[in-house]
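As a plain string of letters, each chain reads:
Protein chains: 2
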Amino acid sequence: MTQQSVEFRTHPSRYRHWRLSVDGQVARLDLDVDEDAGLGDYKLKMNSYDLGVDIELYDAVQRLRFEHPEVGAVLIGSLNDRVFCSGANITMLAESSHALKVNFCKFTNETRFGMEDATRNSGQRYMAAINGTAAGGGYELALACDHIMLVDDGSASVALPEVPLLGVLPGTGGLTRLVDKRNVRRDLADVMCTTEEGIKGKRALDWGVVDELIPGSRFAEETAQRVAEAASGKPSEQGIELRELERTIDGDVISYPHLRVEIDRQGRTATILISGPLRPPPSDPEAATALGDAFWPLAVTRALDDALLHLRVNELEIGTLLFVTEGASDLVLAHDGFVLDHAEHWLMGEIILFLKRTLRRIDVMSRSTIALVEPGSCFVGMLAELVLAADRSYMREGVPEDGASPPASMQLTEMNRGRLPMGNGLSRLATRFWGHADALAAAEEAVGRPLQARDAEALGLVTFALDAIDWEDELRLVLEERASFSPDALTAMEANLRFVGPETMETKIFGRLSAWQNWVFQRPNASGETGALQRYSTGRRPEFDRKRV
Amino acid sequence: MTQQSVEFRTHPSRYRHWRLSVDGQVARLDLDVDEDAGLGDYKLKMNSYDLGVDIELYDAVQRLRFEHPEVGAVLIGSLNDRVFCSGANITMLAESSHALKVNFCKFTNETRFGMEDATRNSGQRYMAAINGTAAGGGYELALACDHIMLVDDGSASVALPEVPLLGVLPGTGGLTRLVDKRNVRRDLADVMCTTEEGIKGKRALDWGVVDELIPGSRFAEETAQRVAEAASGKPSEQGIELRELERTIDGDVISYPHLRVEIDRQGRTATILISGPLRPPPSDPEAATALGDAFWPLAVTRALDDALLHLRVNELEIGTLLFVTEGASDLVLAHDGFVLDHAEHWLMGEIILFLKRTLRRIDVMSRSTIALVEPGSCFVGMLAELVLAADRSYMREGVPEDGASPPASMQLTEMNRGRLPMGNGLSRLATRFWGHADALAAAEEAVGRPLQARDAEALGLVTFALDAIDWEDELRLVLEERASFSPDALTAMEANLRFVGPETMETKIFGRLSAWQNWVFQRPNASGETGALQRYSTGRRPEFDRKRV
Numbered sequence: 086m087t088q089q090s091v092e093f094r095t096h097p098s099r100y101r102h103w104r105l106s107v108d109g110q111v112a113r114l115d116l117d118v119d120e121d122a123g124l125g126d127y128k129l130k131m132n133s134y135d136l137g138v139d140i141e142l143y144d145a146v147q148r149l150r151f152e153h154p155e156v157g158a159v160l161i162g163s164l165n166d167r168v169f170c171s172g173a174n175i176t177m178l179a180e181s182s183h184a185l186k187v188n189f190c191k192f193t194n195e196t197r198f199g200m201e202d203a204t205r206n207s208g209q210r211y212m213a214a215i216n217g218t219a220a221g222g223g224y225e226l227a228l229a230c231d232h233i234m235l236v237d238d239g240s241a242s243v244a245l246p247e248v249p250l251l252g253v254l255p256g257t258g259g260l261t262r263l264v265d266k267r268n269v270r271r272d273l274a275d276v277m278c279t280t281e282e283g284i285k286g287k288r289a290l291d292w293g294v295v296d297e298l299i300p301g302s303r304f305a306e307e308t309a310q311r312v313a314e315a316a317s318g319k320p321s322e323q324g325i326e327l328r329e330l331e332r333t334i335d336g337d338v339i340s341y342p343h344l345r346v347e348i349d350r351q352g353r354t355a356t357i358l359i360s361g362p363l364r365p366p367p368s369d370p371e372a373a374t375a376l377g378d379a380f381w382p383l384a385v386t387r388a389l390d391d392a393l394l395h396l397r398v399n400e401l402e403i404g405t406l407l408f409v410t411e412g413a414s415d416l417v418l419a420h421d422g423f424v425l426d427h428a429e430h431w432l433m434g435e436i437i438l439f440l441k442r443t444l445r446r447i448d449v450m451s452r453s454t455i456a457l458v459e460p461g462s463c464f465v466g467m468l469a470e471l472v473l474a475a476d477r478s479y480m481r482e483g484v485p486e487d488g489a490s491p492p493a494s495m496q497l498t499e500m501n502r503g504r505l506p507m508g509n510g511l512s513r514l515a516t517r518f519w520g521h522a523d524a525l526a527a528a529e530e531a532v533g534r535p536l537q538a539r540d541a542e543a544l545g546l547v548t549f550a551l552d553a554i555d556w557e558d559e560l561r562l563v564l565e566e567r568a569s570f571s572p573d574a575l576t577a578m579e580a581n582l583r584f585v586g587p588e589t590m591e592t593k594i595f596g597r598l599s600a601w602q603n604w605v606f607q608r609p610n611a612s613g614e615t616g617a618l619q620r621y622s623t624g625r626r627p628e629f630d631r632k633r634v
Numbered sequence: 086m087t088q089q090s091v092e093f094r095t096h097p098s099r100y101r102h103w104r105l106s107v108d109g110q111v112a113r114l115d116l117d118v119d120e121d122a123g124l125g126d127y128k129l130k131m132n133s134y135d136l137g138v139d140i141e142l143y144d145a146v147q148r149l150r151f152e153h154p155e156v157g158a159v160l161i162g163s164l165n166d167r168v169f170c171s172g173a174n175i176t177m178l179a180e181s182s183h184a185l186k187v188n189f190c191k192f193t194n195e196t197r198f199g200m201e202d203a204t205r206n207s208g209q210r211y212m213a214a215i216n217g218t219a220a221g222g223g224y225e226l227a228l229a230c231d232h233i234m235l236v237d238d239g240s241a242s243v244a245l246p247e248v249p250l251l252g253v254l255p256g257t258g259g260l261t262r263l264v265d266k267r268n269v270r271r272d273l274a275d276v277m278c279t280t281e282e283g284i285k286g287k288r289a290l291d292w293g294v295v296d297e298l299i300p301g302s303r304f305a306e307e308t309a310q311r312v313a314e315a316a317s318g319k320p321s322e323q324g325i326e327l328r329e330l331e332r333t334i335d336g337d338v339i340s341y342p343h344l345r346v347e348i349d350r351q352g353r354t355a356t357i358l359i360s361g362p363l364r365p366p367p368s369d370p371e372a373a374t375a376l377g378d379a380f381w382p383l384a385v386t387r388a389l390d391d392a393l394l395h396l397r398v399n400e401l402e403i404g405t406l407l408f409v410t411e412g413a414s415d416l417v418l419a420h421d422g423f424v425l426d427h428a429e430h431w432l433m434g435e436i437i438l439f440l441k442r443t444l445r446r447i448d449v450m451s452r453s454t455i456a457l458v459e460p461g462s463c464f465v466g467m468l469a470e471l472v473l474a475a476d477r478s479y480m481r482e483g484v485p486e487d488g489a490s491p492p493a494s495m496q497l498t499e500m501n502r503g504r505l506p507m508g509n510g511l512s513r514l515a516t517r518f519w520g521h522a523d524a525l526a527a528a529e530e531a532v533g534r535p536l537q538a539r540d541a542e543a544l545g546l547v548t549f550a551l552d553a554i555d556w557e558d559e560l561r562l563v564l565e566e567r568a569s570f571s572p573d574a575l576t577a578m579e580a581n582l583r584f585v586g587p588e589t590m591e592t593k594i595f596g597r598l599s600a601w602q603n604w605v606f607q608r609p610n611a612s613g614e615t616g617a618l619q620r621y622s623t624g625r626r627p628e629f630d631r632k633r634v
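So the sequence lines, in the order shown, correspond to chains A and B.
Using the working numbering, you'd call the opening residue of the first sequence number 86 and step up by one each time.
Using the working numbering, you'd call the opening residue of the second sequence number 86 and step up by one each time.
Hints should not be assumed to be uniformly reliable.
Since copy identity is lost for identical chains, a pair holds within one copy or between any two.
[Said to hold, decoys possible] Pairs of lysine to any residue residues, derived as SDA-like cross-links and limited to a Cα-Cα distance of at most 25 Å, are as follows:
#1 K287 / S360
#2 K266 / G586
#3 K266 / T204
#4 K632 / Q619
#5 K266 / G533
#6 K266 / Y341
#7 K287 / N165
#8 K441 / P367
#9 K287 / D166
#10 K266 / T454
#11 K632 / D390
#12 K632 / A179
#13 K266 / P506
Just so you know, the hints here were simulated from the structure itself, not pulled from any lab data.
Excised from the complex, chain A in its bound form:
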């Protein structure tokens, strides 16, 4: 994968690798990878994928939610006769820098959690129709589906051959989903993950790695029937169009509607400035639906999502993100309340879920995050969640020198009490006060009350309240200090401090599986000159350092 700028915006009319079709309540997503359309100088043979293929998948999953709320089930299939999907392209992996490998896996994992989120929370059930080989990431894609159908033709198989073939892990959820989602017994999982050719037929069914075997002669018909059954009963709704996200990049400034990113390359920081809405929310959900992607909560979430992805993949040396807001708190509160009041409406529900997923990108982002709560900011409700998501937060005390504007204020709403859970299943508030039920109760009791700096600090909602005299100096020192530390140590530290309390499949995949995979990616046995990734398909066996670590 080359280091040119990666673009996350796309549209089904421009897809090179997927065919998206919607027929009533049923959608189909068929993989048909264009081997010449990879992001780098490699051939995407055998329905293998790279980040570009996954960007299209992410786009499709998003569009199905917003543009086709009438869809009740999605069948993931393949247009290749013999291969469902052969997983991440190995030449791509072998050629990628460590940072790109890690970012690729992270985005792929997030997209798969998005499919599971749609299945669980949006009534769009993902099902996999495996018509041939599903290997590595190909089978992991199926694992993200709610129902896995395998053709029983004596040759189609599911496999996780990374360990024997490549010396890396089935790391986009594979190991965790195998034992924690599908409850495959650990010793059988061990056998499967060390069997290059995978397993098929009755054994695959008996071990629980697929849900259903279907003879080849009836495969098309029965998979269509299953997805039609799963889709039935979805309420009929009219979707909205997700138009091309407006974005301009002008030097070190990236502008979206309601969001601007300013990059300070010298200081290795990016300021993400979110602007509140300029007018009150519409009168009812129908009017909001008519606004479509211009409805502020959706527009701002789309911008934030793209900005985070862009910074992650295209701005590797920007180590610290500053969250800043500006605007009228009452208008943010009005939108926040509107979305919550109508949370049963499909679009408001989808917006909350989308915001949840976007905030989770921050939780697993390998950047330090700092929220700055200043006079004129509007960290209330859904935007207050950015303060709670940040590694640290600073709030300015007192009135600004101009005397014209009121002091900084922030406010929690019901939105912060569990509508936007982290990957660990807890609200960021509950995570923050884990083990301190009294402090959590005090914070929740403050819902609806504007809080100035000392109050917010006393409640533990911000790290430090600072007066005007300390503000500039303190922030300068903190940012300089942060920029001076080892980027790796910060990433690892943050990954450990951000998640406390219970664990879920999601926190296990990002916290445990990904950490081990990152370690493996860094090891000479995988990525060294004689490592398994480099030696793959050269006809030469890898040479391993045999020490067990």
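Once you've looked at the hints, dock chain B against the given chain A.
Relative to chain A, chain B alone:
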């Protein structure tokens, strides 16, 4: 740290770094590191430690449990006036191979969990008296205690300076214990972990990083008083002596009472052969106490513990461990039942806890483990746990050719139903059948029933039952295959497959924190020539690759 063979057996009379004293119900463990007695060519200045210091600590914690069951509380202190403990020695870390760094951290973590296990389950409460600087691993040592007392003298501080100073993590439990055990708020934890000089006095108390501040003038007196209070009420018991563990190393054979390790260097495997007892258990717990460390369940656990540690640290290229047993199942069952029947007796309780901890070393061991259940073996009760701990297990069908011995048989007992929980808090049986309540119930229903190969396979207790014809070929193939895979990929795969279901502080530390630390250790920003570990105390600043990964 050099690669010479590391010896885990020691005795208080030979300690170089700790002073162990017992006075009635109170024990004191004072750190007084001999800077010239490190395992390698470095000076252990300022009460810093290496693996050798930790081996003594492990020995002391073990001896307090077995030799001094009358002790109700242990005060960890320092004989250095200004430094409690300055953590892992940095020169040692910088000079160590990756494998040794990882093994060092693993053993240190295990020892600290052992202290917490003693506090929780043996009525031996660990308390820390921090009389000066407690930095890095020094503060992590205190974090493993149940109560942390800090002298309030204006200079003593607690610090986790790894990120700013060394570019690595507080990785022997520090980050996890900070937020998950002590429930320090994540943003305050972030501040602490990026503040080189640490925190002290009231802030340390307010943030929850210590439990109590004590003025310098009253420190000795009040800490002594606290530990005496904590210790009171411990029932008076007479301990047993842990004599020097008998071990002979003869070429590739390591022999202990009841256990023999045979190393096959060509095949990179070690066979761990455990022998059952030769006679029935004694009549009552007092008689077992009189046997002391010769009592079979204790003797065999001590041997297994030492063998595992030896293989881990001194035999890095031995990738697969084969668990094999021989002996009379009825005698193993009799001992198993005896220990369980008298589990309320202090010694039987300690033996079960020790076995639990030793089996957990297998769970986090970076080696593939395979149990072989053959005719003449005695995998019953506590020894059946080895089958459940293994990554895979094979059981031989039918009677051996000589016709003289009965077919292979295994048997579960109450011991397997929760007395030996894994780090995730579940029995290995419940872990194995996670998500399959019916299969778990069927296995538990089989408690007390001898099971031959087909039955054990049908119940899911072994991976495969094999007949005599397949046995040799299959095992040869499996071992060859295992030896051919990337050692790193196997380690990472096993770490993910072995733990399903709920997470605990222990699984988080071994699965998440350690994985991230291992990644960081491998990164050039830490361990490269211009990395932070190498540049420490050279007067030159580290040079970092600034990419955030």
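Violations among the numbered hints: 1, 5 and 6
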